[in-house]
Amino acid sequence: MRSRNNAIEVAGLRKSYDDREVISGVDLSVGEGSVYALLGPNGAGKTTIVNILATLLTADEGEIRVAGHDVRRAPDRVRASIGVTGQFSAIDERLTGRENLRLMADLAHLDRATVAGTVGELLERFDLVAAADRSAQTYSGGMKRRLDLAMTLIARPRLIFLDEPTTGLDPRSRRELWAIVREQVADGVTVLLTTQYLDEADHLADRIGVLDGGRLVAEGTAAELKRRVPGGHVSVQFADAATLAAAAASYADATTDAEALILQLPNDGSVAGLRRVLDGLDDAGVVGVTVESADLDDVFLALTGHATEAPATEEISA
Amino acid sequence: MSTAYTVRDSATMLRRNLLHIRRYPSLSIMLVAQPILFLLLFVYVFGATMGAGLPGQAGGGDRSDYLVFITPGILIMTVASVALGTAIATATDMTTGIIARFRTMNIARVSVLTGHVLGAVIKTVVSLVVVTAVAFLLGFRSDAGLLDWLGAGALLVLLAFALTWLTVGMGLAADSVETASNTPMFLMILPFISSGFVPTDEMPWGLRQFAEYQPFTPIINTVRDLISGAPTDSDLWLAIGWCVLISLLGHLWSRRLFLRVPAQ
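Chains as they are written, first to last, in this note's numbering: chain A, 289 to 606; chain B, 61 to 324.
It should be emphasised that the hints constitute simulated quantities derived from the structure, not laboratory data.
By construction, the Cβ of each residue, glycine as well, lies at the ideal position given by its N, Cα and C atoms.
Careful, some of the hints might be misleading.
Stated by the list, open to error - Restraint-style ranges between C-beta atoms, simulated for each label pair:
{"no.": "1", "chain 1": "A", "residue 1": "Glu-409", "chain 2": "B", "residue 2": "Tyr-84", "range": "23 to 31 Å"}
{"no.": "2", "chain 1": "B", "residue 1": "Pro-85", "chain 2": "A", "residue 2": "Asp-415", "range": "29 to 37 Å"}
{"no.": "3", "chain 1": "B", "residue 1": "Leu-78", "chain 2": "A", "residue 2": "Asp-475", "range": "29 to 37 Å"}
{"no.": "4", "chain 1": "A", "residue 1": "Ala-401", "chain 2": "B", "residue 2": "Pro-85", "range": "26 to 34 Å"}
{"no.": "5", "chain 1": "A", "residue 1": "Phe-376", "chain 2": "B", "residue 2": "Leu-78", "range": "20 to 28 Å"}
{"no.": "6", "chain 1": "B", "residue 1": "Thr-152", "chain 2": "A", "residue 2": "Asp-475", "range": "34 to 42 Å"}
As the list claims (entries may be wrong) - Which chain B residues stay away from chain A? Per the calculated CB distances, all over 10 Å, these:
{"no.": "7", "residue": "Leu-101"}
{"no.": "8", "residue": "Val-185"}
{"no.": "9", "residue": "Val-189"}
{"no.": "10", "residue": "Gly-205"}
{"no.": "11", "residue": "Met-248"}
{"no.": "12", "residue": "Thr-260"}
{"no.": "13", "residue": "Glu-272"}
Generate the whole structure from the sequences, applying the supplied hints.
Written out as structure tokens, the structure is:
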């Protein structure tokens, strides 16, 4: 069963608290060097899965191998291979940024002679040089998260778990964090991340598992998941209300946004379908045309029958 | 695998602990101020009256006799006071996210606790030196030699080790920092119901039996013998026995609490 190329192998994972089952039979495999996103609303079981994989919790049932080691039989070997950044900052706020990194370097048993250099490099790379000797208590949310991640990466783990790494971050910090994750992936590191932000999974992950009520309800690439939801749409931007109204009259299934002067037409993604839409348009009054496939919000709704209960996300274009 | 680095990891955690103490000295200062305040209170407020009631002094003793009598008890209180701070420090530490990180790392897990214990023992030694210096400033004099003082110091460090493992456990068992600061309060009360502040033979029946058999009494008696230059008796072995027993139980209890897999 064990594949040499999988950093994470999970079969039949179950976990209950008292009588409440929070993970109900999850199978999962994550290839080495890939990014896997567990996507789901609060309470779907994302953090529980990460905690089990990271040896913080034990599963009730299931075969779980992380970095080639059984989490139950060889938790120390698993711990030696992973890095974890949880959704709550795991830094020592009473120490400075530099001291935090030093602490991690020492606990990772790095060669003492190289520790100072490694710490300096990380401070530089994570843009923390100016704040390095200030107590971490004074850091902003984004700085804390960067320090947290730097502490995870100092031991150069080949597999990292990021549990809602950007929750609560402002858009800029979020983009910075994404860039750091991409750098890691470029170095061949395997990443398992959880998120309730659909765009985050879309941007970072090779594969996405949609988690709902302790079950994986769908799995695939972002494109595959989107294909499972029928249709996207074509948005046509008009110059004025009159041409918009005229066009709207000729498409029975159109929805109109009179304020933004946009006409939305359902589209199945085929060229023929697109041509049909375009043929009916008068070039003169049209400012622009956008073809949009379903986004992951649509996917979630279609797969689970209910909307994500995630808080409103900041709009990010990356 | 994770135990191969016990010494190195413990040293790292000790350094972390000392950094905390250095950065936030107020708690440590408060903990050493407490026994000093008791010392001043007992010597200057109660000292003359209490000294007069001490047995074995021709025509009753005076304030300076009472200072000599209570110094061992005050030293024990110093140890208890620092141990109390350790319960608070441990409980506070457990509320921080970095503990979860430590649990996901391939380190000797118990080093998190060892760091607290070693840090507390160092704090205790410093506090004991300060409190002893104050006692000398107030006029404490004795015939004890260097070896006697070192012996008393060793016993007090052993006590610190024992009480700290116990209070680390209390800090881990507490569901909040407030609980952790209340549970070990009895360690501050117990020295009063011992041979520390008045001779036990004047206590009423029941209380007297308790005072004579509770762990602090043989420790206080032995420290008193040592720092007054008198020969020690069987209380020495009783004192060491109690310290070893409390250390062992405290260690096993703390270890179990810390290593258990969290329920949620």
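Against the structure, the hints:
{"no.": "1", "hint": "Glu-409/A <-> Tyr-84/B: 23 to 31 Å", "in the structure": "holds, 29 Å"}
{"no.": "2", "hint": "Pro-85/B <-> Asp-415/A: 29 to 37 Å", "in the structure": "holds, 31 Å"}
{"no.": "3", "hint": "Leu-78/B <-> Asp-475/A: 29 to 37 Å", "in the structure": "holds, 35 Å"}
{"no.": "4", "hint": "Ala-401/A <-> Pro-85/B: 26 to 34 Å", "in the structure": "holds, 32 Å"}
{"no.": "5", "hint": "Phe-376/A <-> Leu-78/B: 20 to 28 Å", "in the structure": "holds, 26 Å"}
{"no.": "6", "hint": "Thr-152/B <-> Asp-475/A: 34 to 42 Å", "in the structure": "holds, 37 Å"}
{"no.": "7", "hint": "Leu-101", "in the structure": "holds, 33 Å"}
{"no.": "8", "hint": "Val-185", "in the structure": "holds, 22 Å"}
{"no.": "9", "hint": "Val-189", "in the structure": "holds, 25 Å"}
{"no.": "10", "hint": "Gly-205", "in the structure": "holds, 42 Å"}
{"no.": "11", "hint": "Met-248", "in the structure": "holds, 26 Å"}
{"no.": "12", "hint": "Thr-260", "in the structure": "holds, 43 Å"}
{"no.": "13", "hint": "Glu-272", "in the structure": "holds, 43 Å"}
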